[in-house]
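Asks: Sequence:
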Amino acid sequence: QPGDGTSMIGTHAFTLLKNVQLLSQLEDTELSSVWEICRLCEIEAGSTIMKAGDSGVSMYFFLEGSVEVWPAAVAGRKSTGNALAKPLVKLKAGTVSLFGEMAMLSNEGRSATITASTDCILYEVTREDFTRLCDQNPRLGVKLLRGIATILAERVRKGNDDQIKLWKALSKAQGASDA
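Its first residue numbered 1, the sequence shown is counted upward by one per residue in our numbering.
Think of the hints as simulated: they come from the structure by calculation, not from any bench.
Computed spacing ranges between beta-carbons, pair by pair: (1) T29 to R146: 12 to 22 Å; (2) G53 to K90: 19 to 29 Å; (3) Q136 to K172: 48 to 58 Å; (4) A153 to N107: 15 to 25 Å; (5) A45 to S171: 34 to 44 Å; (6) Q136 to S171: 48 to 58 Å.
For each residue, glycine too, the CB sits at the ideal point set by N, CA and C.
Can you make the complete structure from the sequences, with help from the hints?
Replies: Listed below in structure tokens is the structure:
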């Protein structure tokens, strides 16, 4: 259980949390405060972790496993055998350490469906607990929100780069078909 540094799982998970991008710059006392609001989620392969459009009341630290991210426009069609119904991206713990933060912070529906490709270990933080932690420790709250903003900015920048690559490929293909 979170906060239980006496168990082997607790000690191992606490150590893994230190490697989460958002948490890596925190002092041990700050990390302990975050650890206290985490809830262990052991997810079996094939399970849906979140569904596009659902209310987002929590975010997840992604410690072990791999997942598929399905954009809202495709998520409902993935089981129909549609060749275009492919995940937007496949993520592995360690390369991405956090998801669900957009809906948790914005109070909007989930933007994608996420399914477990393998068994996964996640730690959930609810909006209520996150808000209380930020209110009780504003310095820590600023660090966490700044970290989330940095992660989101990196994702937007990557999305922009991907759009440019797609635009160039489509422009090149269009030019070839005009010839």
